[in-house]
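Student: Position 100 of the sequence shown, counted from 1, bears residue number 100 in full-length UniProt numbering, the numbering being contiguous throughout.
One should not assume that every hint holds.
Below, computed lysine to aspartate or glutamate pairings styled on EDC-like, alpha-carbon distance capped at 16 Å [said to hold, decoys possible]: (1) 61 to 27; (2) 168 to 129; (3) 16 to 27; (4) 146 to 91; (5) 90 to 27; (6) 106 to 129; (7) 90 to 35; (8) 146 to 93; (9) 146 to 160; (10) 88 to 27; (11) 88 to 35; (12) 90 to 151.
Cβ-Cβ distance ranges computed for the label pairs, FRET-style [claimed, not checked]: (13) 119 to 151: 12 to 22 Å; (14) 85 to 124: 11 to 21 Å; (15) 145 to 5: 33 to 43 Å; (16) 137 to 90: 13 to 23 Å; (17) 36 to 172: 21 to 31 Å; (18) 191 to 100: 41 to 51 Å; (19) 174 to 31: 22 to 32 Å; (20) 91 to 32: 17 to 27 Å; (21) 16 to 165: 18 to 28 Å; (22) 129 to 61: 32 to 42 Å; (23) 190 to 119: 14 to 24 Å.
Derived by calculation from the structure, the hints in this document are not laboratory data. Every residue, glycine too, gets a C-beta built ideally from N, C-alpha and C.
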Amino acid sequence: MNGTRIILASQSPRRKQLLEWAEIPFEVMVQSTPETYPPDMPVPEVPVHIAREKAIAVRQKYESLHTAANIIIAADTVVVLGNTIIGKPKDREDALDILARLAGNKHQVITGVVLLKGQQEIAFADTTDVWFHPLTPEQIAFYVDKYQPYDKAGAYAIQEWIGVVGIKSIQGDFYNVMGLPVSRVVTALTNLII
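All chains should be modelled from the sequences, with the hints used to inform the complete structure.
Tutor: Set out below in structure tokens:
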């Protein structure tokens, strides 16, 4: 992309895979940041806030990235049931409980994305509605025990078994549920590079 260096500020194998599928050349650089946010922040702003913190932390760690020739991409995904953010499960019991609450219901997956290039910033959130079929306790336990979804917001990954058998429908970007609305990211990259 015209000699621009693209940095993915995420360890997520799914985000890495999606950028590879889009045939975008990039490097991965990460800096650990607390995934915290102000308690009164509106829910749709939370993943953008966390993504911005990730991008800034990487830029500060790697001072050479703070030039107009580099673009840092950071993202954060949250699962929202009602108006409650459901994070990553703490343990097996928490994962079982989360999936029991999602089963038979509609929830939202919101991914916040921040791109930094010099002093420029593009930030947005993409929302996908997801409806689960009712799931039996046995199905939920099978998924949790086999797939160990402890690093995933909402305790599931749409591209795994539970997505194949448990999801009734989605409205919005499938890849957003995987962790990155990649078509919007490509558009944003194009706008920054032109």
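Student: All hints, please: hold or fail.
Tutor: Hints, verified against the model:
A hinted pair counts as satisfied when its Cα atoms are at most 16 Å apart, and residue 61 with residue 27 qualifies at roughly 15 Å. This hinted pair checks out: residue 168 and residue 129 have alpha carbons roughly 11 Å apart, not beyond 16 Å. Taking the CA atoms of residue 16 and residue 27, the gap is about 9 Å. The hint holds against a cut of 16 Å. Straight-line distance between C-alpha atoms of residue 146 and residue 91 comes to about 14 Å, which keeps the hinted pair within the 16 Å bound.
Of the supplied pair hints, the one linking residue 90 and residue 27 is violated, its CA atoms being roughly 30 Å apart against a limit of 16 Å. For the hint pairing residue 106 with residue 129, the CA-to-CA distance comes to about 7 Å; that is within 16 Å, so the pair holds. Only pairs whose Cα atoms come within 16 Å are accepted, and residue 90 paired with residue 35 is accepted, the gap being roughly 14 Å. With a CA separation close to 14 Å, the supplied pair residue 146 and residue 93 stays within the 16 Å bound.
Between the alpha carbons of residue 146 and residue 160 the distance comes to roughly 11 Å, so the proposed pair stays at or under 16 Å and holds. A threshold of 16 Å between alpha carbons decides the hint, and for residue 88 with residue 27 the separation of about 25 Å lies outside it, so the pair is violated. For the proposed pair residue 88 and residue 35, the alpha carbon gap of about 11 Å is at most 16 Å, so the pair holds. Simply put, residue 90 and residue 151 have alpha-carbon atoms about 9 Å apart, close enough for the 16 Å limit, and the pair holds.
For the pair residue 119 and residue 151, the supplied restraint of 12 to 22 Å is violated, since their beta-carbon distance comes to about 33 Å. Taken as a hint, the range 11 to 21 Å holds for the pair residue 85 and residue 124, whose Cβ atoms sit roughly 18 Å apart. The beta-carbon spacing between residue 145 and residue 5, approximately 42 Å, falls within the hinted interval of 33 to 43 Å. Between residue 137 and residue 90 the beta carbon distance is about 19 Å. The supplied range of 13 to 23 Å therefore holds.
For residue 36 and residue 172, the Cβ-Cβ distance of about 26 Å falls inside the hinted range of 21 to 31 Å, so the restraint holds. Judged by the Cβ atoms, the range 41 to 51 Å given for residue 191 and residue 100 holds: they are separated by roughly 42 Å. Between residue 174 and residue 31 the beta carbons are some 29 Å apart, a value that agrees with the proposed interval 22 to 32 Å. Here the CB-CB span from residue 91 to residue 32 is close to 21 Å, well matched to the stated 17 to 27 Å.
One distance hint, 18 to 28 Å for the beta-carbon pair residue 16 and residue 165, holds here, with the actual separation near 26 Å. With their beta carbons about 36 Å apart, residue 129 and residue 61 fall inside the hinted range of 32 to 42 Å. In this structure the hint that residue 190 and residue 119 lie 14 to 24 Å apart at CB holds, the actual value being about 19 Å.
Going through the hint list in order, the structure does not satisfy hints 5, 10, 13.
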